[in-house]
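**Q** Each chain, letter by letter, is given below.
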Amino acid sequence: MTANLSFDPIRLPEECETLRQEVRAFIADEVAAGTFDPDRPHDGDQHSPEFSRRIGQKGWIGMTWPKKYGGQERSFLERYVVTEEFRVANAPVRLHFVADRQSGPVLMKYAPEHVKVDVLPRICRGEVCFAIGMSEPNSGSDLFAAKTKATKTDGGFLINGTKIWTSNAHIADYMIGLFRTSQPTKENRRHGLTQFLVDMRTPGITVNPVYQMTGQHDFNEVVFQDAFMPDDHVLGEIDGAWKQATSELAYERSGPERFLETFYVLTGLVRALGPTPDLRSAEGLGRLAAQLHTLRRMSVSVAGMLQAGKEPVVEGSIVKDMGTVWEQKLPARVRELAAFIEEEEGNRATLEDQLAFATMIAPKLTIQGGTTEVLRGIIARGLGLR
Amino acid sequence: MSESGIVAETAARIFADFGDPQAIIHAKDGAWKQPLWKALSESGLTLAWVPEQQGGAGADIADGFAILSVAGRYAVGVPLAETLLAGWLLSRAGLAAPAGAMTVAPARPNDRITLNPDGTLRGRARGVPFAKDAGHIAVLAGSSVALVEAATCRISDGLSLAGEPSNTVTFDGVRPTQIAPAPERFDQTALMLMGCAVRSVETAGALEAILDLTVRYANERVAFERPIAKFQAVQHALARLAGEVAAALTASGSAADAIAHAESFDDGVFLEAASAKIRSAEAAQEGAAIAHQMHGAIGFTNEHVLHRYTLRMLSWRDDFGSESHWAVALGNRIAARGSDEFWPLIAAR
Chain A
1 MTANLSFDPI RLPEECETLR QEVRAFIADE VAAGTFDPDR PHDGDQHSPE
51 FSRRIGQKGW IGMTWPKKYG GQERSFLERY VVTEEFRVAN APVRLHFVAD
101 RQSGPVLMKY APEHVKVDVL PRICRGEVCF AIGMSEPNSG SDLFAAKTKA
151 TKTDGGFLIN GTKIWTSNAH IADYMIGLFR TSQPTKENRR HGLTQFLVDM
201 RTPGITVNPV YQMTGQHDFN EVVFQDAFMP DDHVLGEIDG AWKQATSELA
251 YERSGPERFL ETFYVLTGLV RALGPTPDLR SAEGLGRLAA QLHTLRRMSV
301 SVAGMLQAGK EPVVEGSIVK DMGTVWEQKL PARVRELAAF IEEEEGNRAT
351 LEDQLAFATM IAPKLTIQGG TTEVLRGIIA RGLGLR
Chain B
1 MSESGIVAET AARIFADFGD PQAIIHAKDG AWKQPLWKAL SESGLTLAWV
51 PEQQGGAGAD IADGFAILSV AGRYAVGVPL AETLLAGWLL SRAGLAAPAG
101 AMTVAPARPN DRITLNPDGT LRGRARGVPF AKDAGHIAVL AGSSVALVEA
151 ATCRISDGLS LAGEPSNTVT FDGVRPTQIA PAPERFDQTA LMLMGCAVRS
201 VETAGALEAI LDLTVRYANE RVAFERPIAK FQAVQHALAR LAGEVAAALT
251 ASGSAADAIA HAESFDDGVF LEAASAKIRS AEAAQEGAAI AHQMHGAIGF
301 TNEHVLHRYT LRMLSWRDDF GSESHWAVAL GNRIAARGSD EFWPLIAAR
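For the protein sequence lines, the chains are A and B, in the order given.
Taking my numbering, the leading residue of the first sequence gets 1, the next gets one more, and so forth.
Taking my numbering, the leading residue of the second sequence gets 1, the next gets one more, and so forth.
Errors might be hidden in some of the hints.
Restraint-style ranges between C-beta atoms, simulated for each label pair [to be verified]:
#1 220/B / 309/A: 31 to 37 Å
#2 8/A / 185/B: 27 to 33 Å
#3 267/B / 386/A: 39 to 45 Å
#4 386/A / 60/B: 38 to 44 Å
FYI, nobody ran anything at the bench for these hints, they're computed from the structure.
Virtual Cβ for every residue (Gly too), placed ideally from N, Cα, C.
I would like the entire structure built from these sequences, with the hints used as guidance.
**A** Structure representation (structure tokens):
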């Protein structure tokens, strides 16, 4: 076999089911208390400091991390269950989610011990929000074109330049930023970039909002003017960030959030169709369910491989490619299947509201966290075509 | 290496030695079938799902699916899957399996075979794979499992899309050689779901082979002065093909695993096996289209091996219920359970 794709069937172990029931009970209590409404994903900005702290108290942030850093040393499969239950409930997890998924693991691998001891437990308590500083005005999918400069000075570096489309920057305490410390070499155009832990309160950092087509505020422009980063905030090898980026990708790309962001339109469809749908709607719903089930099983399988210490980069990219393309079409499919539900039916209005929002969300799904085109390039390399 | 790994390796060796798809294309007649079948049955692979005390190899469910995955990868043109499935059905009712090729009926969800008061059968099964080549047919007749000699049934001529026997079998007045009650909670849906899992696993195997063939071809074939694999349009098409292969592998592997570990064909297994059939049929369709496009004219020739995979998996879409059939059935189940029960069903495993 040249391709050798591997998607082992993973059965979630017993402890995952116990945990799932705990998470569902917690969510039900929060919904009852009015923290959020699972059927109204378009309300608010999914950011709730109090809610994140309560999740932290349950031990559900950084739950796979070592106990000495505030974690619970639980499995990736347990984290998977927590992630998917919060995602399908549209719970406001924006504050801690990026840190939990990828920033924390980067710090764990590359930050000096005293930084880990300081920051990681605060992530676990749901107290700190992270942003990812990668894209620039002229550097998006091509990360290695980044120009924002880190210039060596006494005891640290001075940062100058601009990051853009930076989600969460307006509420973030920290950013993991990718800055240029040297010019690329002839042999290696990826050389010369370094990852830094950026304290967003550092003087010389300005955050300007960039509103999205949904009307929500998520993106920002982050301008650095002689912002000072101490030496101990360098993450990993100077000029060698390109070696560090790839292993994160499987974590970032294969999770359930990659196809469940607008799951509510599917639940809404089931509700609006009622118990005896017509043949056309039943078939459409059945296909969507089969496709979703398959995506989820692929995603669970990658989580299982991560748990087993593998680095399923190609499999993770496939999950994100297929998941986001599927989800992008979801509102259109649901709209077609709901087309003949009578206007007067009470549930239809809710569904229309949800569909309008999901339709506006859809274009970003295949862009954020690695575009379809970049992912297919990675998959093609894995197949031995490049 | 796991038990399933050893069984799969044995199967792969036999297929490579006696059933190489390229050699079969060049064969003038069906003479290759006999030595292939002999090797398969002598190694116990044809009756893998029959317990030893009933004359089989007593392999577990996972082993049987591992054999079928390899069979899919070699485009095996003998009734191995059908005999496995027939043996499995017979063993549900504690019936011993005969030697030789078998198939199973019904093979469509809406066909019904019933048992007459005088002990003979009544009814007709369409699209029964390899009925013409089978010595015996394992039949689910109402709540009984029966074994009949194929020669006592009326069997129509007919070929599948892949040119293999696909026949209408009429059982009216046929007297089974053996009959026993099916176990409790085992019905025609259960048999169809098992058939779905079988076809999905074979389809995923075929898709793996198709991906290999297509990647190899793209790296070898030069056009515009470079291998076509260097063109981004080709790379992205193959990435999509890999995605379809991944989906079929995952859905079928998950369904096979669910069946291997479930006590009965409950709602969870229904979701797994129906989804596997739906998604692998979709993957067969998408995957065949991409693979043929990448191969160009050569892949459309009789002498090229590609069609032995693509046509087979396209014809499997119809066996044991099409993807449309299962999508309607699954959609209706989900609707009947209601919106609050939808996510818990999806998240059940």
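**Q** Take the hints in turn and mark each one as holding or not.
**A** Against the structure, the hints:
1. 220/B / 309/A: 31 to 37 Å: holds (35 Å)
2. 8/A / 185/B: 27 to 33 Å: Taking Cβ atoms as reference, residue 8/A and residue 185/B lie about 29 Å apart, which means the hint holds.
3. 267/B / 386/A: 39 to 45 Å: Distance hint for residue 267/B, residue 386/A holds at roughly 44 Å.
4. 386/A / 60/B: 38 to 44 Å: At roughly 41 Å between Cβ atoms, residue 60/B and residue 386/A fall inside 38 to 44 Å, so the hint holds.
Going down the numbered hints, you'll see the structure goes against none, and every one checks out.
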